[in-house]
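J.: Whenever a hint applies, use it, and build me the whole structure from the sequences.
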Amino acid sequence: MIDNLLLGLSEAGTWMNLGFCFIGVMLGTVIGILPGLGPVATMSILLPITFGLPAPTALIMLAGIYYGAQYGGSTTAILVNLPGEASSVITAIDGYKMALSGRAGAALAIAALGSFFAGTVSTMLIAALGPLLTKLAQVFWPTEYFSLMVLGLVCCTILAHGSVIKSIGMTFLGLALGTVGSDVTSGYLRFTFGFIDLSDGLDFVTVATGLFGIAEILRNLENPERRSIVTQRISRLWPSKTEFAQAWPAVVRGTAIGSILGTLPGGGATLSSFASYTLEKKLSAHPEKFGKGAIEGVAGPESANNAGAQAAFIPLLSLGIPSNAVMAVMIGALMIQGIAPGPMVMSQQPALFWGLIVSMWIGNAMLLVINLPMVGLWVRLLKVPYDLLYPVVLIFCCIGVYTISNNTFFIIVMACFALGGYILLKLECELAPLLLSFVLSPLIEENLRRALLLSRGDPMTFVTRPISLGLLIAAVLLLAMVCLPYINRTREKAFAE
Amino acid sequence: MKRVMLRNPQDTVLSVIFIAIGLGGLVISLGYPMGTLLRMGPGYFPSIIFSGLILVGIIVAIGSLRFDGPRLEAWNWRAIIFLLGSVLVFALLMRPLGFIAAIVLSVFVSGLAHSPFRPIRILLLGCGLALASALIFVTALGLPIRLWP
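Each protein sequence line maps, in turn, to chains S and Y. Those letters in the first sequence? Residues 1 to 497, per our numbering, in order. Those letters in the second sequence? Residues 1001 to 1149, per our numbering, in order.
Quick caveat, the hints were computed from the structure, so don't treat them as lab data. Hints are not guaranteed to be accurate.
As the list claims (entries may be wrong) - Keeping only pairs whose Cα atoms sit at most 25 Å apart, straight-line, the calculated SDA-like set for lysine to any residue is:
id, chain 1, residue 1, chain 2, residue 2
1, S, 426, Y, 1148
2, S, 241, S, 426
3, S, 241, S, 100
4, S, 426, Y, 1036
5, S, 135, S, 389
6, S, 426, Y, 1075
T.: Okay, structure coming up:
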């Protein structure tokens, strides 16, 4: 393990990689602070640009954007009560209350230090667990891959906000979109409607920028801006001794929760922070202080979301399966570089794998330095008016899509997805399950076909192989868990009439 | 008074979308070679997916007829028209007019989506953005894009 980490250090420690890591975390912080521009859109826009970079450098920068956004998101959550990212919604509850009572500095410092601690631990965890999981991956047949991806989709579906049935619909829609283009096995053209440009399928960047970049702008233009920045000067940045004493157990627990939940398919930063907040409130001797500026309510979730963000790389790097929309972008980046995601990455590209892991730790250290002393500068970013911001995002989306194919056709496709995404947002549908299932669709189909070929056309193979059976049972149980209350509730409603 | 019948217009519309896409997709994929369970043809997997979509659509439809839900929100037509319009402007003009002009024009059109519309401000933004993008994407990253007509 030490050798591996040293190899990673030599890869991540080159000036070029350090530089792009820095660019990544800076960009991540900025978009984390700016509301209405998330890591998925940013990473997708930058994806075509990474084509010209060496593979490790590209991945290091993209990963930096992801965890940098977690930091940036918590800064605005605390100071402005405006969570830049979904994963910092929880932080806003107690963090903003702390800021209102003049403890903004302490909240920011605890959030940053907790995140750093969590980042360090989960880096170690990936380093330790990664090789083990790769061994597990060797006993994985297409059968198990299929079942695992089904479980991943189920997790992502039930974790989405709002109605479960709508999210299931989004998942099917994504799977359907993933079948556009020529069929891998037979080369048969499907759903191309005569457009030759579609024969390679819908491009990931096109779909992601349309849904997450432009549809978001349409949505944001409806809501007039309302921002109330805490204008008091941040006097004391360092938390007091009592605050430290209160915070550190929460940091440790948050890290543990995030590391576990992050590795689950469909898990990641958002789920981890919610779980940690609930736990802290349950364990606390003064649960009534939560929601009124309890430092544990900042420390726990902030550590958890960072640990979760990094642990989400474990299934990606060891099994090649993205566990959330951001990881789906990373898959796209790997494919652009001509690297097939999967267990082979670790053995065939050890420098890439370990370099990425070590860079996450370095990036976390950079974020600590970037964030704490420069908080005032970041807050000023919030004053950028939206009417100057959205045309920039729009143009970058167009350029990003154009550069991936040198073809203006896909810009028009992106506009269609923007409109579609806006309609779905209007109908209160969650777009993340759609994007994830869109990416997984070709993999699911291929593994389904291969599994059935291996079993000579016997569909029972999915339940007779133990690991596959276990995964499918987990998927069914999870679905039942969320669907039962739904059915009960509808029944209650029906009886109430 | 047909509108009163819809207890949950949002979900009704969504279910219509699901079922329409599902039916359309199913009809098309049934036209592709099916194959067998052992050797699936290109039509097999999509048929399953679109059937699933239809099923979800039916469930949403039943739910929307039985329970009250939120009404449809008003659409921001101005944003839709000008924002998507500006994307089209960029897509259609960048080949004939070049990168710089396409960006300036496209930013200008996108500015119309915001109220109040400030022409001078948006024009300056467009010029600045065109310059910056040319420097970043063409000069620094060396992407093969033509800057001028």
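J.: Quick check: which numbered hints come out false for this structure?
T.: Going through the list in order, the structure violates hints 1, 2, 4, 5 and respects the others.
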